[in-house]
Amino acid sequence: MTNAEMKSTGWAMSSRRLFLAACVSAAAIGALLGPSPAAADDSEIVLGALMPLSGAGGPFGQEMLASAKVALEEINAAGGPLGRKIRLVEENDETNAEAGVRAARKLVDVDKVSAIFGTWASSVTLAVAPIVQEKGLILLSNSGASRITEVQKKGHVFRLEPDDLLFGKAYAEYAAQEGWKKAAVLGLNVPFTQSTVDALKQRFEERGGQITSFVTYNEEQTTFTTEVARVLSDQPDFVHISGYEPDTIAILKAAYQSGLTTRFIVPGFSVSADLIKNAGPAADGLLLVEEGVSEDSPAYQRLAKQLGSDRYYSFGAQAYDEMVILALAIEAAKSTDGKALDKAIREITGTGGTKVTSFAEGVAALRRGERIDYDGASGPLDFDANGNIAKANFRVSEVKDGKTAPVGKISEVQF
Amino acid sequence: MIDYLIAILIFAGIYGFVALGLNIQWGLTGLINLGQVAFFAVGAYTFALLSKAGVPFLLAVAVATTLSGVFGAAVAMFTPRLREDYLAIVTLGFSEFVRLVLLNEKWLAGGPDGVAGVPRPASFPGLGSETSFLIVTALALAFAFWFTRRIERYPIGRTLKAIREDEGVVTSVGKVALAYKTKAFLLGAALAGLGGAFFASYLSYISPDMFGPNVSIYVLAAVLIGAQGSSVATLLSTALVAALLEGTRLLKDYITFVDGVELAALRLMVLGLALIAIVMVRYRPGRP
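Protein chains in written order, with this note's numbering: chain A, 1394 to 1808; chain B, 162 to 449.
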C-alpha cells in the first residue's frame, strides 16, 4: 500500500452510495440465506459433526468425518433409531475456539441438532460445552485436556479420548514395564503438557522412577539444539516429547544431527506418516503411544474395511463410536431430549448388559427389552461418573526404517 | 435461525469496536497498526480477570477499556519517529509480545489454559441471555459510533487528518504531532479493548490462541474495504466481512458438490477474492 493510496478518502458521492449499497446488500444476502432447503423433515433426527476439517487438527478431522459417515450408513441401513433416519450436518471448527463457537451456534440454532460430536482441540471443546449445556443438548468430544473433566461434571458432556492424565500415566506404566528408571521431558507450552507431565511424574515415581529434567518451549521455536543437549545431559533412559508435529520433527532432527541417541516417546496425535517420512533416519526408534482401539472388535474391522486397512484410525474409531452411541441412546431413551440422552448414554455403555458391537445388534436387543453394553471400535467404552473413559487402553508402536510397527500394549490405565 | 443471526450480529458488533478503533488510527491519522489484536487481548483478559474476581460488569468494562487505552498510548509514545512500514512492524511485534506473555506467564492469566467461566451481564427481564447480550452490545456500539463521529468532526479530527496528509505542516502551525498521534492510538486501542471485554464476556472462555495475528488481519480487511475513512463505512464493511466469513457456512446447504473439507478452504478464498476485487475497484489509479 503506497502513501498516495492511503490518502484516498474523498471520492465521488455516487460511487460512495453505490459502494455502501453494495455493502448493505451483501451483508443482507449473507444474513438472509434462510433455513436450509434440506431441513425440516420431522421424521429425521439431526446430529451435528463439529470437527477440525482445517488447521492443526485437519488430518484427524477428515478421518473422523469419514468414519462418522461409515457409522451413519450402517445406522440408516438398519432403519435408524426409533425407526427414524439420521441426518448428519457437518461443520468445520477450523481447530479454533472462536470459529468453533460460531459453528456450534449454527448447528444448534439453524440445524436444530439433538447432539454435537467430534470436537477435537481442547480449546474448542471448552468453548462449545457451555452452549450445549445451556441448551440441554449432548456433546461427545475427542479432547484430552484434564480441565474438561470440570466441565463434564455439570453433565451432558462426555469424551471418548482418554484424559491427558491417563496418557502421562501410560508413559510411566510402559517405562516401568521396560524397567527404565530415568526420564526427561521436552514440552510445548500448551494445556496438555503440564497435566500430562504431572501425571507421568506421579505414576513414574510410584513405580520407582525419576524425572531428571523438564524443559518447555514455544510454538514458533525452530531450533532445539540447546534444549536437546540439556535434557540429555542427565543420560535419561527415555525422553518424552509433549508437542505437535512440527516441533516433534525439529527435536528429532536436532538430536539426530548432534549425534546424541536416546529413546523418544511421543503421543500418537503428534505424529503422522508424513512426519516419519520427513524425519527420515532421525525418526528411527521413535516410540508412539496412541489412544487404543479394539483392533479385533467387529466394529473396528468394519470401519477399517470401509476406509482401507493400511492405517490406524484412533480418532476415526472414536467418531464412529460417537455416532453409534448417540443412535443407541436415542433408541434406549425413546427420545432425543438431552436429559434423557445424558442418562441413556451411561445405560447403554455401562457393564452388565448384553454385549453388542453394532447399531443393528444393539437396536434388536433393546427392542427385545434387554439391557445392552456397547463395546465399540475404540474400546469397551465405560464412562465414569465424570463422563470420562474409565479404563483406557493404549498401543505402543516403534518406527523402524520409515515404517511403524506395534511393539506393545498398555492396558486398562486408570486415574 | 434467529438465534444464530443474533450470535453472528454479536460477533460482528464485537469486531465493529475493534474496526472503529483501527479506523481512528489508520483511517483518520494514517498510522498503520497491524497489532490491533494486542489491545483486544488486553481488554478481554482484563475484563475476564476482573469480572471473575467479582467486579461489576460496567466497572470491569470501563477498566478494561482504560487499560487498553493506556497500552495504546504507551506504544505511540515509544515509537515517536516510526511511520508506515516501520510502525506496522513494531505494532505486529507488540501484538505477538502480548500473546506470548499471556501464553507463558501462567501466574498472570492461566497461560495456555486461558480463563474459563467469564460471566455475562445479567439478562433483561423477559429476554434470553443472547438477546440481552445483543442489546447491550448494540447500545455500546452505538455509543462508540457516536463517539467516533464526534472525533471525526471536532478539531481533533481535523488535526489528525492533517497529520495523515503532512505531519510537517501540522508541526509548523505549532501543534505537537506526537501528542495527537498518542491520542489517536489511545482512543483506537481503548475501542479495541472495549470489544475485547465484550468478546470475553460473550464467549465465557478465552485462551491466548484466540488472539493471533489473523484477528488483526480480519479487522484490517474490514477497515480497508471501508476505505479507511468514515465510521459508517467501517461498520458496514465489518458486517460485510462477517457475512462473507460466516455466510459461506450456510452456502454449503445450497452447493451440494462442495463438501466440508473443500468448503473450509473455499471460505477463506472467497474472502480473499472479495478483498482483492473491492480494493481493485475502490483504489483505481488516478482516482482522487
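Keep in mind that the hints were calculated from the coordinates and are not lab data.
Certain hints may be false.
Claimed, not checked - Which bits of chain B does chain A cover? Going by a derived footprint, with three or more residues having C-beta under 8 Å, they are:
1. 180-186
2. 280-289
3. 331-343
Stated by the list, open to error - Partial pick of chain B residues on the chain A-facing surface, computed with a CB cut under 8 Å:
4. Asp-164
5. Arg-310
6. Glu-313
7. Tyr-315
8. Ala-426
9. Met-430
10. Leu-432
What the hints assert, rightly or not - Computed cross-link-like contacts, DMTMM-like style, restricted to lysine to aspartate or glutamate with a CA-CA straight-line distance of at most 25 Å:
11. A:Lys-1784 / A:Asp-1677
12. A:Lys-1547 / B:Asp-164
13. A:Lys-1594 / B:Glu-266
14. A:Lys-1505 / B:Glu-266
15. B:Lys-267 / A:Glu-1620
16. B:Lys-213 / A:Glu-1612
17. B:Lys-267 / A:Glu-1613
18. A:Lys-1505 / B:Asp-164
19. B:Lys-213 / A:Glu-1620
20. A:Lys-1802 / A:Glu-1638
21. A:Lys-1732 / B:Glu-423
22. B:Lys-267 / A:Glu-1527
23. B:Lys-267 / A:Asp-1591
24. A:Lys-1546 / A:Glu-1571
25. A:Lys-1462 / B:Glu-257
26. B:Lys-267 / A:Asp-1689
27. A:Lys-1478 / A:Asp-1766
Even for Gly, the Cβ is constructed at its ideal location relative to N, Cα and C.
Hint numbers contradicted by this structure: Violated: hints 1, 2, 3, 5, 6, 7, 9, 10, 11, 14, 16, 19, 21, 22, 24, 25 and 26.
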